[in-house]
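Asks: What follows is the residue order along each chain.
Number of protein chains: 2
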Amino acid sequence: MSRRPRVAFQGEAGAFSQEAVHNLFGDAAAVIPCQRFVEVFAALTSKAADAAVVPIENTLHGSVHENYDHLLDYDVRITGETNVRIVHNLIAIPGVRFRQIRRVFSHPVALNQCLDFFAAHPQLETVPFYDTAGSVKMIQEQKLTDAAAVASSIAASIYGARILRRSIEDDRRNFTRFFLLRRASERRAALSKARSWKTSIVFTTRNTPGALFRGISAFALRDLNLTKIESRPLRGKPWEYRFYVDVMGREDDPAVKNALNHLRELADFLRVLGSYPSSA
Amino acid sequence: MSRRPRVAFQGEAGAFSQEAVHNLFGDAAAVIPCQRFVEVFAALTSKAADAAVVPIENTLHGSVHENYDHLLDYDVRITGETNVRIVHNLIAIPGVRFRQIRRVFSHPVALNQCLDFFAAHPQLETVPFYDTAGSVKMIQEQKLTDAAAVASSIAASIYGARILRRSIEDDRRNFTRFFLLRRASERRAALSKARSWKTSIVFTTRNTPGALFRGISAFALRDLNLTKIESRPLRGKPWEYRFYVDVMGREDDPAVKNALNHLRELADFLRVLGSYPSSA
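Just so you know, the protein sequences line up as chains A and B, in that order. Read in order, the letters of the first sequence are residues -9 to 270 in my numbering. Read in order, the letters of the second sequence are residues -9 to 270 in my numbering.
These aren't lab readings, by the way, just hints derived from the structure by calculation.
Sample of chain B residues with no beta-carbon within 10 Å of chain A, all distances over it, derived:
| no. | residue |
| --- | --- |
| 1 | Ala32 |
| 2 | Glu241 |
| 3 | Pro244 |
Restraint-style ranges between C-beta atoms, simulated for each label pair:
| no. | chain 1 | residue 1 | chain 2 | residue 2 | range |
| --- | --- | --- | --- | --- | --- |
| 4 | A | Arg93 | B | Val99 | 15 to 23 Å |
| 5 | A | Val77 | B | Arg162 | 33 to 41 Å |
| 6 | B | Lys37 | A | Glu255 | 50 to 58 Å |
Note that this is a predicted model, so its numbers are computed, not measured. Cβ atoms here follow ideal geometry from the backbone N, Cα and C, with glycine treated the same way.
The whole structure should be built from the sequences, with the hints applied where relevant.
Replies: Given below as C-alpha cells:
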C-alpha cells in the first residue's frame, strides 16, 4: 500500500490553499501547513513533502510574483493547476445562532471583501485576525458564543464549526489559480489521458519592443495559443524584462518543442516551469 | 490664491498611498482618505476630490486588477505615476524605548513582510490590526507604553510617534507603482517639460495568438518601447483576453498615434487610459 502523499501549502489548516489541495488530491493528502511560501518550496525540495500547492494569480490581486521567483530558485516543476473560487462564509461554533453574534474575526483582507455584508449588519463588529482559518480555530478553542469567523467552508468542517451565512463576499468573481508542484528530479512520464495541456515558461529579453514581438512570433507562427503573457521589469536593470507565458500544449508536442527552440535563439534566458493538464 | 488640491486615496491617513501623494504633490495636497478603492474613484468623479492616487502594481503582489476595472468604469484619466518603496518601520510613542516593547500591532500583510525581524526578537508578540497607519494612530491615542506599530515613516510623523527601528522588512525590493488620476473631462494641455512620457492602454482581442502578435506589431513596427504587457482572461469568455500595455511616448506623438490607429483596426475594444510623464 502506498502511503498518503504529503502536500505542503502556505497558511493554517483550512486555508483556501487547502481547498486547492482538495481539488487536486481529494481526501488522499496529508497536509503540511507552512508559515511562508519559501518554507513550502523548502519542504518540497528537502523531501519533507511529496508535493506542494501554491497560489500563482488571483482575479482581483494579480500574479503572486514571489512564487514565480521561488519557481526559478527551487528545483521544482509544475505538474498541475486548479482554480478555487474565494467564497467567504460566516462561521460560528455549533449551537450559536446568528442573532447572538456581536464580533466577527478574520484576516483583514477577507473582512474587507465582505463590506456589503457588514454594512447590512451594523450590529457586527469586525475584529482583525491573522488568518481566515485560524480565526475559526480560535473561536472553537475558546468556545466563543458571541463571535463568528469569516473563512472557507473547509475551515468550518476541519474545526467542527457551522456555517451561518454562506458566500458573504462582495465580489463573486474572486478566483485564485494554484500550481501543483513536484521535485524536478522526480520527473515522471506525463499521463496522456488529459485532453488539453498547458506549458508555463519564463524568459528574459533585453530591450523589449522588437525582442518581445519576435519572441511571441515563435508561438504565433506555429498557431499556438497563449493563455497568459505578463511582463515584469527586472529591478536595477532598466529595459530588461522577465516574461511569464503560458502556452497551450505539452512541452514534447512537436510544435511546442520547435517554438521553444526558436524562442531560445532570441531570449537571454528561458526556463520551462512545467507541462500539466489544463484545468479549464 | 488657488486652494490646495484635494487628493483622494484608499487607506488611513499615513498609509503608503499618502507617500505616493507626497511624491506627486509635496506638502500642497489636502488628503481625503477613503475606505474602498471604488470610493476613491467616486470622490474624484463627483468632484469631492480634485485628484486621486491609486496603487496599480506591486513588485511582490502583481497588478491591482480591481483598479484597472475602475479605470474603465469611471470617467478618469491617468495624468501621472510614481513608485514608492514599501519600507516598514517599528514605531512607538515618544519616550518609549525598544526594550519596553512587548506587543507590535499592524496589518497582517505588513507583519508578514517582517518575519526575519520578529524571528530575531522573539520577545515581541505580533498583534493583527486593520491598517498599518491605523495601528500608529491607536497606540498614540491609547498612549501604549509596552506596544509598537509597523507602518510608514509618514504615519509616524502624522501621529507624532517615533521610529525605533527603520526598514525592518524582509525584502527591500518591495515597490508599489501608483497612478495619479484626474477627471477625464478636465483634460488639460499636457506639460511639455517632461523628457519621457508613457501612455497606458487597455485593449481586448478575441483568440489570442495571432491577434496579440498582430496587436503588438503595431508598436514593434514603429520602434516603440513597451514597458508593460499583461493579459487578463475575461471571465465567462474563454479565449477572450484584456491586455494592459504601457508604451513609451505621448498619445499625440505621431508614431504613438499611428500605432494606436493601427491597433484599433485589430482590437475589439481599445481605451487610452492616459499619457503622463514617466517616473523612471
